[in-house]
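2 protein chains.
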Amino acid sequence: MDLNLILDKIKPDKKEEEEMKSLIGKLLKAAQSKIAKPLICGSIEKGTWLSGKNEVDLFLLFKPSLSKKELEKKGLSLAKKIIKIMKGSFVIAYAEHPYLRGKIGKYKVDIVPCYEITDPEKIMSAVDRTPFHVKFVKANLKNPDEVRLLKQFCRANKCYGADLKTEGFSGYICELLIIKYGSFLNLVKEAAKWRAGHAISFLETKEDYKKFKTPLIVIDPVDRNRNVGAALSAESFYRFVRACNDFVKKPSRDFFFKQEVKPYSLKEIEKEFNKRGTRWYLISFEKPNVLDDIIYPQLRRCVKALDKMFQQNGFKVLRSDFYCNKECVLIFEMETWQVPKIMKNIGPDVYSKHAEQFLKHYKENKVFIEDDKWVVEVEREFTTMLHFLNHLLKRPEKELLEKGIPSKIAPLMRKCKLCGGGDTLKAIEKLPEDFRIFLKEWFEKDLNVV
Amino acid sequence: MDLNLILDKIKPDKKEEEEMKSLIGKLLKAAQSKIAKPLICGSIEKGTWLSGKNEVDLFLLFKPSLSKKELEKKGLSLAKKIIKIMKGSFVIAYAEHPYLRGKIGKYKVDIVPCYEITDPEKIMSAVDRTPFHVKFVKANLKNPDEVRLLKQFCRANKCYGADLKTEGFSGYICELLIIKYGSFLNLVKEAAKWRAGHAISFLETKEDYKKFKTPLIVIDPVDRNRNVGAALSAESFYRFVRACNDFVKKPSRDFFFKQEVKPYSLKEIEKEFNKRGTRWYLISFEKPNVLDDIIYPQLRRCVKALDKMFQQNGFKVLRSDFYCNKECVLIFEMETWQVPKIMKNIGPDVYSKHAEQFLKHYKENKVFIEDDKWVVEVEREFTTMLHFLNHLLKRPEKELLEKGIPSKIAPLMRKCKLCGGGDTLKAIEKLPEDFRIFLKEWFEKDLNVV
Numbered sequence: 038m039d040l041n042l043i044l045d046k047i048k049p050d051k052k053e054e055e056e057m058k059s060l061i062g063k064l065l066k067a068a069q070s071k072i073a074k075p076l077i078c079g080s081i082e083k084g085t086w087l088s089g090k091n092e093v094d095l096f097l098l099f100k101p102s103l104s105k106k107e108l109e110k111k112g113l114s115l116a117k118k119i120i121k122i123m124k125g126s127f128v129i130a131y132a133e134h135p136y137l138r139g140k141i142g143k144y145k146v147d148i149v150p151c152y153e154i155t156d157p158e159k160i161m162s163a164v165d166r167t168p169f170h171v172k173f174v175k176a177n178l179k180n181p182d183e184v185r186l187l188k189q190f191c192r193a194n195k196c197y198g199a200d201l202k203t204e205g206f207s208g209y210i211c212e213l214l215i216i217k218y219g220s221f222l223n224l225v226k227e228a229a230k231w232r233a234g235h236a237i238s239f240l241e242t243k244e245d246y247k248k249f250k251t252p253l254i255v256i257d258p259v260d261r262n263r264n265v266g267a268a269l270s271a272e273s274f275y276r277f278v279r280a281c282n283d284f285v286k287k288p289s290r291d292f293f294f295k296q297e298v299k300p301y302s303l304k305e306i307e308k309e310f311n312k313r314g315t316r317w318y319l320i321s322f323e324k325p326n327v328l329d330d331i332i333y334p335q336l337r338r339c340v341k342a343l344d345k346m347f348q349q350n351g352f353k354v355l356r357s358d359f360y361c362n363k364e365c366v367l368i369f370e371m372e373t374w375q376v377p378k379i380m381k382n383i384g385p386d387v388y389s390k391h392a393e394q395f396l397k398h399y400k401e402n403k404v405f406i407e408d409d410k411w412v413v414e415v416e417r418e419f420t421t422m423l424h425f426l427n428h429l430l431k432r433p434e435k436e437l438l439e440k441g442i443p444s445k446i447a448p449l450m451r452k453c454k455l456c457g458g459g460d461t462l463k464a465i466e467k468l469p470e471d472f473r474i475f476l477k478e479w480f481e482k483d484l485n486v487v
Numbered sequence: 038m039d040l041n042l043i044l045d046k047i048k049p050d051k052k053e054e055e056e057m058k059s060l061i062g063k064l065l066k067a068a069q070s071k072i073a074k075p076l077i078c079g080s081i082e083k084g085t086w087l088s089g090k091n092e093v094d095l096f097l098l099f100k101p102s103l104s105k106k107e108l109e110k111k112g113l114s115l116a117k118k119i120i121k122i123m124k125g126s127f128v129i130a131y132a133e134h135p136y137l138r139g140k141i142g143k144y145k146v147d148i149v150p151c152y153e154i155t156d157p158e159k160i161m162s163a164v165d166r167t168p169f170h171v172k173f174v175k176a177n178l179k180n181p182d183e184v185r186l187l188k189q190f191c192r193a194n195k196c197y198g199a200d201l202k203t204e205g206f207s208g209y210i211c212e213l214l215i216i217k218y219g220s221f222l223n224l225v226k227e228a229a230k231w232r233a234g235h236a237i238s239f240l241e242t243k244e245d246y247k248k249f250k251t252p253l254i255v256i257d258p259v260d261r262n263r264n265v266g267a268a269l270s271a272e273s274f275y276r277f278v279r280a281c282n283d284f285v286k287k288p289s290r291d292f293f294f295k296q297e298v299k300p301y302s303l304k305e306i307e308k309e310f311n312k313r314g315t316r317w318y319l320i321s322f323e324k325p326n327v328l329d330d331i332i333y334p335q336l337r338r339c340v341k342a343l344d345k346m347f348q349q350n351g352f353k354v355l356r357s358d359f360y361c362n363k364e365c366v367l368i369f370e371m372e373t374w375q376v377p378k379i380m381k382n383i384g385p386d387v388y389s390k391h392a393e394q395f396l397k398h399y400k401e402n403k404v405f406i407e408d409d410k411w412v413v414e415v416e417r418e419f420t421t422m423l424h425f426l427n428h429l430l431k432r433p434e435k436e437l438l439e440k441g442i443p444s445k446i447a448p449l450m451r452k453c454k455l456c457g458g459g460d461t462l463k464a465i466e467k468l469p470e471d472f473r474i475f476l477k478e479w480f481e482k483d484l485n486v487v
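Going down the list, the protein sequences come from chains A and B. In this text, residue positions in the first sequence follow my numbering: the first is 38, and each later residue adds one. In this text, residue positions in the second sequence follow my numbering: the first is 38, and each later residue adds one.
There may be inaccurate statements among the hints.
Stated by the list, open to error - So these bits of chain B aren't anywhere near chain A, every CB distance computed over 10 Å:
(1) K52
(2) Y152
(3) N262
(4) L429
Claimed, not checked - Computed beta-carbon distance windows for the label pairs:
(5) A:E401 x B:N177: 42 to 48 Å
(6) A:A236 x B:P385: 16 to 22 Å
(7) A:R451 x B:L462: 40 to 46 Å
(8) B:K202 x A:E407: 15 to 21 Å
(9) B:R451 x A:F480: 38 to 44 Å
(10) A:R337 x B:K295: 55 to 61 Å
(11) A:F480 x B:D330: 52 to 58 Å
(12) A:K482 x B:K452: 42 to 48 Å
(13) A:E401 x B:K58: 52 to 58 Å
(14) B:E401 x A:N362: 31 to 37 Å
(15) A:S389 x B:K179: 35 to 41 Å
(16) A:Q348 x B:F480: 26 to 32 Å
(17) B:T421 x A:E401: 34 to 40 Å
If you're looking for bench data, these hints aren't it; they were derived computationally from the structure. Just so you know, these numbers come straight off a predicted model, no measurement behind them. Virtual Cβ for every residue (Gly too), placed ideally from N, Cα, C.
From just these sequences and the hints, can you work out the full model?
What follows is the structure, given as structure tokens:
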């Protein structure tokens, strides 16, 4: 297949390039001052940006002699001035330090104050490192278009972006990988054989790997103590490896522009349900108005916390996950959803020093010995999943927080919709169509890479 | 309460004593020879035998210069001669060495050849120790009637006998305990506070305990390397401690002569079943014609092996046990007896060196990642307990043996009766009445000792 056909689609055309150049010229002019040096960072400067991605990073480099407080004050003040000259609007955002998120016409412009340091291993704030990244990439990247292909490939395979929703490949990793492997095709051929723990270095000594344990370890060429792959999840990593695998076997345009998935029909879903023999429970609520970087980790933690509670009550979870669009849906596919009234707790060994406490605690219950361990029979409060869930979701917010339901979700539990068992199909009918695409992926998911 | 009233019932009367004396006189006379010294052992000699227990142990002590082969040959020959003189019958039984089980009138007479040694810590065969036990008890036991009370107390509370069926208190332990505590009442008061790992010594140094881990450690006063409590199970130990507890609170004749338990009615059993919400499966077969010391451990192992297989197939066992009378019944009270078609196997960590093997093995299945572990979805062969059991019990004997079903039981599986679910009550109706007593104990069992 001809990768140039892909590039035609994703590479900014002349007009787009010139508009961007003109914006940057004006920005740099507006940023002139005696107190800081302006520097364009990000994919624009490195020539690896994708068409339609109108995002510019403008860094303002201050002398390290400035206190952090002064840096914040003077930095924001200068940034505001720039936006004013450019006739844009802004909000102030907070990472390690405050920065400015501006909007100028169709462009998103982040203006980030930082320190101008000389040794990137001695940074004062994470953003101080960025100028060094730009410098390294500009000095070493011979073919920025290959990075564009890689970014688009990752995007189509749902592993592009180091944000907490995707937990995928950052733009910087894409650039480093192309620098390392020379071309997109070369990288893909190699990556098809990768396994979790794969390490890539640009340095001469290799000892640095051992202190990191992530699916892909990429030692930052400007700071040997930093793993650029830290934010990449095992799922995203193997999604990428699997895509590379498939691409090597049969390259096609589809790896860059995914065919629209035909959602399952309700009939098909019902058929899958019956084939699997599991029972499904859905908890849905409106997506709270918070950043994806906040709600996605919370949804993950929420599903885990609920999983744990179900297991503790004897309800065995086969798989669980969440769907998040306008609506959030927590999904639990159950192996056991009904349990006997009586249950057995396995206690300490009869020789254990904790045995006495156990016997005292269960003075009113029936206690006996199995395999030299004390065991006790107790009655369960809940014998069905639905009963348990109905009870749980009505608990006070404080109690839910204590049980590990995250802060942005706990307040929504009371008014969430709960469905399970025979009602699941009816509930799915009312959900957006892409929920059925989500389910299709659930049923068809396969990350095997051998 | 007056313990003398108990003694009146359990202590041999004058007539019984005299009959026994007369037998022993004749036995010793018949045992006169130039090659071995005859010695009466067992509870008769120690004066701790219970009325109606017409069992005599006659030991024949040979010089240690004799080879084991000669000992066996000469010992059995002399034993046979004795039985002939006494006009009894016999079978040859095998422990560490062969011995003779004789029957003389109403008496069971074991004739055991052994070595006459001087140091019991340097025995050549386990039976060589017995004469030293007799000597120690005779020299130290001041009140044999207290031992009789203890034996009867243990018997009524189902923990008397070191055999593999009971795994309880041997006669020798009972004697040692009375020697240690002086009287039955004193012992019971102390034992009510015992916990697993309790150690009793007749020696001065106490280091000996540490090498033993049994519920009750009794260092043999004639051999400091031997734990007389080795055969006692935690269950029997706590059955005893619990009985002592209850006796101390409210002493009564019932602790020596158990009231007949009224078996549950079918209605009561049904009520319990419903209250518990579990499902029951019974596997029954005729008791094979082998010694209790063989079949009981095999029944225990069999239940464990089946437990394991059920769990592996997703069927969760709440409790399991066996009943053994003319018929043997393996009993499984299930928490889960039905599972979905689909199941999930949790595989190695994505970083593990075993990951590759896992991925290769499940090349045809759907594989994905959960919590940095590879997982795979596979279809189960059996989704109901009954289906699984029906399949299992028809397997060839060889396969059952490989799966851990013991040798005397595996051949019976093919013709056993299996019932489960709604049929259980009907099956119980056909079983002997004492099976319902067994079930009553199942439901009411409680060994809490605090």
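Inset, instruction - Could you tell me whether the CB distance from E401 (chain A) to N177 (chain B) stays inside 42 to 48 Å? - result: 43 Å, holds
Inset, instruction - Compute the least Cβ-Cβ separation between N262 (chain B) and chain A, then decide whether it is above 10 Å. - result: Non-interface label stands for N262 (chain B): nearest chain A Cβ at 21 Å, farther than 10 Å.
Inset, instruction - Starting from the range 35 to 41 Å, see whether the pair S389 (chain A) and K179 (chain B) falls in it by beta-carbon distance. - result: Cβ of S389 (chain A) to Cβ of K179 (chain B): about 38 Å, so the range 35 to 41 Å holds.
Legend entry - Range agreement (Cβ of E401 (chain A) with Cβ of T421 (chain B), hint 34 to 40 Å): For T421 (chain B) and E401 (chain A) the Cβ distance comes to about 35 Å; the hint holds.
Inset, instruction - Determine whether the Cβ-Cβ distance between Q348 (chain A) and F480 (chain B) falls within the hinted range of 26 to 32 Å. - result: Holds, since Q348 (chain A) and F480 (chain B) (Cβ atoms, about 27 Å apart) stay within the stated range.
Legend entry - Beyond 10 Å from each Cβ of chain A, as asserted for Y152 (chain B): Holds, since 36 Å exceeds 10 Å.
Legend entry - 52 to 58 Å as the expected CB spacing between D330 (chain B) and F480 (chain A), which holds or is violated: The hint (52 to 58 Å, Cβ to Cβ) holds, given that F480 (chain A) and D330 (chain B) are roughly 56 Å apart.
Legend entry - Distance restraint evaluation - K202 (chain B), E407 (chain A), Cβ atoms, bounds 15 to 21 Å: Holds - the Cβ-Cβ distance for K202 (chain B) and E407 (chain A), about 18 Å, lies within 15 to 21 Å.
Inset, instruction - Starting from the range 55 to 61 Å, see whether the pair R337 (chain A) and K295 (chain B) falls in it by beta-carbon distance. - result: Because 59 Å falls inside the window, the suggested range holds.
Inset, instruction - Go ahead and decide if the range 42 to 48 Å is satisfied by the Cβ distance of K482 (chain A) to K452 (chain B). - result: Given about 47 Å between the Cβ atoms, the range holds.
Inset, instruction - Just tell me: holds or violated, for the beta carbon distance of A236 (chain A) and P385 (chain B) against 16 to 22 Å? - result: 20 Å, holds
Inset, instruction - May I ask you to check that K52 (chain B) keeps its beta-carbon over 10 Å from the closest beta-carbon of chain A? - result: Nearest chain A Cβ is 43 Å from K52 (chain B), so the label holds.
In summary, this structure violates none of the numbered hints.
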